[in-house]
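**Q** Chains as they are written, first to last, in my numbering: chain A, 1 to 199; chain B, 200 to 305.
Wrong hints could be hidden among the right ones.
To be verified - Label pairs and their in silico Cβ distance ranges:
1. 288(B) - 96(A): 54 to 60 Å
2. 280(B) - 97(A): 49 to 55 Å
3. 126(A) - 284(B): 48 to 54 Å
4. 250(B) - 9(A): 42 to 48 Å
5. 292(B) - 99(A): 54 to 60 Å
6. 125(A) - 251(B): 41 to 47 Å
7. 188(A) - 273(B): 34 to 40 Å
8. 100(A) - 253(B): 47 to 53 Å
9. 289(B) - 104(A): 46 to 52 Å
10. 11(A) - 250(B): 49 to 55 Å
11. 292(B) - 109(A): 44 to 50 Å
12. 189(A) - 284(B): 37 to 43 Å
13. 232(B) - 108(A): 46 to 52 Å
Source of the hints: derived by calculation from the structure; they are not laboratory data. Here a beta-carbon is modelled for each residue, glycine too, at the ideal position from N, C-alpha and C.
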Amino acid sequence: MNKKEFLAQLRKGLSGLPREDIEDRLAFYSEMIEDRMEEGFSEKEAVSAIGSVDEIVSQIVADTSLVKIAKERIKPKRRLKAWEIVLLAVGSPIWLSLGIAAIAVVLALYIVLWAVMLSLWAVFGAVLACGLGGMAGGIVLICNAEVFTGIALVAAGILCVGLSIFLFFGCKAATKGIFLLTKKYAVWIKNRFRKKEEM
Amino acid sequence: MDIQLKRGLLDVCVLAAIKNEDSYGYQIIKDLKPCIELSESTLYTILKRLEAANMLTVRTAEHGGRLRKYYHITPEGRKRIEDFKDEWKEIMSIYRFVTKEDEAYE
Numbered sequence: 001m002n003k004k005e006f007l008a009q010l011r012k013g014l015s016g017l018p019r020e021d022i023e024d025r026l027a028f029y030s031e032m033i034e035d036r037m038e039e040g041f042s043e044k045e046a047v048s049a050i051g052s053v054d055e056i057v058s059q060i061v062a063d064t065s066l067v068k069i070a071k072e073r074i075k076p077k078r079r080l081k082a083w084e085i086v087l088l089a090v091g092s093p094i095w096l097s098l099g100i101a102a103i104a105v106v107l108a109l110y111i112v113l114w115a116v117m118l119s120l121w122a123v124f125g126a127v128l129a130c131g132l133g134g135m136a137g138g139i140v141l142i143c144n145a146e147v148f149t150g151i152a153l154v155a156a157g158i159l160c161v162g163l164s165i166f167l168f169f170g171c172k173a174a175t176k177g178i179f180l181l182t183k184k185y186a187v188w189i190k191n192r193f194r195k196k197e198e199m
Numbered sequence: 200m201d202i203q204l205k206r207g208l209l210d211v212c213v214l215a216a217i218k219n220e221d222s223y224g225y226q227i228i229k230d231l232k233p234c235i236e237l238s239e240s241t242l243y244t245i246l247k248r249l250e251a252a253n254m255l256t257v258r259t260a261e262h263g264g265r266l267r268k269y270y271h272i273t274p275e276g277r278k279r280i281e282d283f284k285d286e287w288k289e290i291m292s293i294y295r296f297v298t299k300e301d302e303a304y305e
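Using the sequences provided together with the hints, build the complete structure.
**A** Spelled out as structure tokens, the structure:
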């Protein structure tokens, strides 16, 4: 791939970003390629030293805030004509509610993920509390001469505490997984904005 | 390595590379190579961050019939390097304390 092709592909990949950002990035990579060529690398070598366009694009998209990408997507490419503004205002009950619905769907997925995590931790907390409560209650019973019931209660308590230790590790792993999932989800949403721009 | 820590280290590395004289992207990558491998995309992000934090300024100059961006360190940037040295002294004394504990157990 030569420099021109590389920059053209990069421009296409970044098309969801603000124009100034794209130009700035392209100038930066172009300078890098030219500096390498000046040092004696061939054009092909200089381009391949930068890395693949896909990798660069996904890193840039991950680094760019969603707000910026969304803003650029919404920004009209030219000034709106009077009748378009009227149409937008008249149509606002429709597109505004659709927009809110779309945002709500995106948020809902986040909330669901976090709710799953919260409930897992709640189970952990409940089992631990059961265990500790059971042990304390059992000891009180033993002191009040209900020895056998007390011992059974303490044993059940220990069992619950033991179970909660296992649950703790499970919850920890699940939390980590959900963190990764939400991160991937954010990147996925960003990509949706980008893909639309390309079409 | 911890991401937050690595980010801070990379910032100081790039500042150190332009400490003595103004430099440009490819030169910075070459200068840092013996110490740390930096990709173009990573360098770009760092340079933008340092510029936003007022630790360096950018000027465009002509070079061989094309334009090249040169990065110049600001007093804030120099202060960041000095702060880093002080912080690192503290970290080194912690490191010595931690490894001394290791030896005691062996």
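**Q** Need the list of violated hint numbers for this structure, in ascending order.
**A** Violated hints (numbers, rising): 4, 8 and 10; every other hint is consistent with the structure.
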